[in-house]
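S.K.: The residues making up each chain are set out below.
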Amino acid sequence: MVAANRLFSASMNYSTFAILAILIPLTGLGQGSKGCPWLNVATASGVLRSSENSPMATLAQSSAALCSFEYREASVFRQLLITVEQTQNPSLVLKTQEEQCKSKASPLQAIGNEAVACTVRDGGKISGDLIVGRVRDQIFTVKLTTNTENDPSMVAEAIESKTHMIAEQVAGALF
Amino acid sequence: MKTLLQRGLVFVSIAATALCFAKSSIDAASGEDAARKEYADKIRASYNYRFGPDKPSLPGNATVVGNDFIQPGAFPNAKYCGHCHQEAYHQWRQALHSNSFRTPFYRTSVNILIRTKGIEFSRHCDSCHNPIAVLSGALTQDSKVDRSFDQDGLTCTTCHSIESLKSTSGNGGFVMAVPAVMTDEKGNRIAGEVPYDEIMKFPKRHSMAVMKSFYRTPEFCAACHKANLPDTLNDYKFIRAFTTYDEWQQSKFSGRNPLTFYTADFTTCQGCHMKRAPNALPEPGAKQGTFASHSWPAGNSAVPFYYGFDEQLRKTIEFLQSGNYLNVDIFALQRASDNQVIGPLGSVPFNLKPNEVVQALVVIQNKNIGHSLIPEVRDLYEAWVEFTARDAAGNVFYHSGFLKPDGSLDERAHSFTNRPVNTDGGFVDNHMVWTIHSVAYDNSIQAGRSTLVRYEFRIPADIKGPITLTAKVNYRHFRQSYMNNVLGKDHPAYPVVELASRSRRLNIGENSISKPEAGDNPDWMRWNNLGIAYLDQMQYSDAVRAFDQVVRLRPDYPDAYTNIALTEIQWEKYDSAEASIRRALALSPENARALYYFAQLERRAGRYDAETAALRKVLAQFPDSRDTRRDFGLALYREHNYPGALEQFQALQKIDPDDLAAHYNLSILYRRMGMDQQAEEQQAQFIDKKFDPGAPTYSFDFLRQHPEISIESIPQHVHSDLPSAEAKPAYGGGQ
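For the record, the sequence lines run as chains P and C.
The numbering of the first sequence is my numbering, which starts it at 1 and goes up by one.
The numbering of the second sequence is my numbering, which starts it at 1001 and goes up by one.
These are computed hints drawn from the structure, not numbers from a lab.
Errors might be hidden in some of the hints.
Unchecked claim - Computed far set for chain C versus chain P, every beta-carbon distance over 12 Å:
hint	residue
1	1138
2	1263
3	1324
4	1488
5	1509
6	1579
7	1587
8	1603
9	1674
10	1706
11	1709
Said to hold, decoys possible - A partial selection of chain C residues facing chain P, derived with a Cβ cut-off under 8 Å:
hint	residue
12	1146
13	1147
14	1150
15	1486
Since this is a predicted model, take the numbers as computed values, not measurements.
Backbone N, C-alpha and C fix where the C-beta goes; we use that ideal spot for every residue, glycine too.
Using the sequences provided together with the hints, build the complete structure.
M.R.: Structure (structure tokens):
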């Protein structure tokens, strides 16, 4: 696998390599072959649902490199997106991922080796928080968003603590 | 398409599984908790019962009342408790208990177990590190459990819901009740959270629900601060992992062992790790302005460093440097030219010359730790001696135990670690304990004992002015190779804490007698510790000479004679041992320690009545002495007093459920008394736990591959940079 990475990096530009690198299978933690390797649906649902009685979130996409958990309730759409990428140039990938931030990134202590948090927006359609972190040579992102302005389950403080908790889960699984 | 046979097998399998689950379902239902039953039904449907349908926690031992899965939400979380118990919450949040699961230092190791063997095996570790995960049935493939509780590790309502203890086997040897913070007026537990004003109205009922008197005992700590590796984990056999509780039980602080070298007031684990101190925040649990520490300061400086918990880090360092836990004594110099031992330094005059080769004899005493140095995870934690010899300008001309530029420890340092090895003879790195088959060496110092570390160096020929020798005991979480594996090599330097140190300035030329420093042991104790160290290194002649000096300085001290007798028993000089023990008993006729060794000598001489009479006297004073129970059981067995022997070995097993002699003798005794089932159980346990005679071969493989550190496996060895032709043997010259 290391040899394969070297081959790619020698012949392609970085962004191409980055896309391919996320396809590299990483080992998960017993979530099962169909689940997300870094987080189970129940834990994702815990941050996406409006209440304990609400339906569970769904795992819309799952691979060793990307997990997308989604939750819909009437017009509300919330998403938890996790990416994991193994790289030979962590600092560069970390910086690239941080470019998603729409606010100044704040450093976080005790999430992986290093991590930053920021808010994200997409033309006013979605808003939420993003954490970009590193565990050794693995860069991960955790993005928790909602499409609803003033979403009562996603007020700033709640979304911050939920994103933090999920980032800790993902980093823990990557160690 | 499935065949009829396949379908039949599936049906039989489902039916059998359903039958197995039926009992636990009934148990849960009887707990009147419909929500729990519904939850447990869901979990059971897909749970991995690899270790048996009635053993959901194996290879760990954690259990919950009702013997069925319990919802994580049944545990009121720490913030709920912290609403009133603000000081407890504040301390706990930074403490190791609250971070018992989430830290990278734990996750790295347990993740390897999950990836290589399966998540179900992690129930062994998480029975203590994350009991809610175990008891809620989260540790299975395709888990349906919300793991948001992970970040709270051992939360308030895990410890404070424990209803009873199983034994002192560890691995989570507790039974948890359904969490409750209140009882009703009849004392029945009310599950889950209740409004705060209800608690405030009935504080005694709150206390009844969350406090048990055994929470203050060392046995409570033993539930997790003792661990073994069962065959369900390692597919091999039972191996003792760490035995902190046993170390305390055998220490002077327990008052349960007559054979300790020194005595002390009874002190529990909580007495050191949960000391009372004034609380800064509101705390209803405080009494008279002080609150029992929920920071549990101990040795782990890495976790608070990682999380930026400065208060916990400060408390940890203060704790490690307090308590007079260790004594470092640069006891003597030994000249290579004539093998003369000059000591105790400070109490004897001597001359030192340039260009001399000398050995510094450094005695490290585990003086006031209620367990070994290092306790528990000796393959990851690192304590070692750093020894330097400097000239007057501060230039170092000998250095052992330094950290290299990459942060790793000098391989030839004297460390109080161990080296577990696997079947390939390789070091078991990353705490992969399930691969351990042998231990190449274990240089920890047991509670109350001492070790002798020898440093040999040449004094520079052109030396000007005095030299300064310094010996320090340093400590860090974790060994550098593990830190690198966890965080990669680019991590910041983690704290190294100096536990204790002693320096001596020695003149080139004449040295006169000097005053002791505060904290120095008196000379009789310095000799005594040297004798203990020699004894443990099987240097019997030197040990006797050291203990003779104790007799000279304290002729009224019975233990000085007992120590000589103990050494001579090990040296197989029984006649002189008997003379020494009789002198001890003449000074102190009821001295339990002397009586115990007297009994050993009487047994060897065939005077069995005197032996049993002495053992009875010891047991009257120390009913929880495992050595005495063992010896007395054998004596009664020899007399064909089988019920009496049975009683002794049962008592021994109660003290240590894993005692091999208890298993062996109970299997025979039960058989003789017609109790075949019990006999078989004991026999099976004996076979599982007995030493594997093939295991040391793996250690030999390791030591052969690592000659640079194999010297550490030899009890008496010298640390030296000198060419071997100049080096001197490690013994005192009197053998």
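S.K.: Determine for every hint whether it applies to the structure shown.
M.R.: Hint check:
1. With a least CB separation of 9 Å from chain P, residue 1138 of chain C falls inside the 12 Å interface cut-off, contrary to its annotation.
2. Look at residue 1263 of chain C: its CB is around 44 Å from the nearest CB on chain P, clear of 12 Å, so calling it non-interface holds up.
3. Against the 12 Å criterion, residue 1324 of chain C stays outside the reach of chain P, whose nearest CB is about 33 Å from its own CB.
4. With a closest Cβ-Cβ approach of about 4 Å to chain P, residue 1488 of chain C is found to fall inside the 12 Å limit, against its non-interface label.
5. Every Cβ of chain P is farther than 12 Å from the Cβ of residue 1509 of chain C; the closest lies at roughly 55 Å, confirming the non-interface assignment.
6. Chain P leaves residue 1579 of chain C outside its interface by the beta-carbon criterion, the shortest separation being 61 Å against a cut-off of 12 Å.
7. Residue placement check: residue 1587 of chain C keeps its beta carbon more than 12 Å from all beta carbons of chain P (closest about 58 Å).
8. A cut-off of 12 Å between C-beta atoms confirms that residue 1603 of chain C is not in contact with chain P; the least separation is 55 Å.
9. No beta-carbon of chain P is positioned within 12 Å of the beta-carbon of residue 1674 of chain C; the least distance is around 48 Å.
10. Distance check on residue 1706 of chain C: its Cβ is at least 27 Å (rounded) from any Cβ of chain P, clearing the 12 Å threshold; non-interface status holds.
11. With a least beta-carbon separation of about 27 Å from chain P, residue 1709 of chain C lies farther than 12 Å from that chain, consistent with its non-interface assignment.
12. Satisfaction of the interface hint for residue 1146 of chain C is found here, the shortest Cβ-Cβ separation to chain P being roughly 4 Å, below the 8 Å cut-off.
13. Taking 8 Å as the C-beta contact cut-off toward chain P, the hint placing residue 1147 of chain C at the interface holds, the least distance being around 5 Å.
14. Because the smallest distance between the Cβ of residue 1150 of chain C and any Cβ of chain P comes to about 7 Å, under 8 Å, the interface hint for this residue holds.
15. Taking 8 Å as the C-beta cut-off, the interface hint given for residue 1486 of chain C holds, the closest approach to chain P being about 6 Å.
Hint compliance for this structure: hints 1 and 4 are broken, all remaining hints hold.
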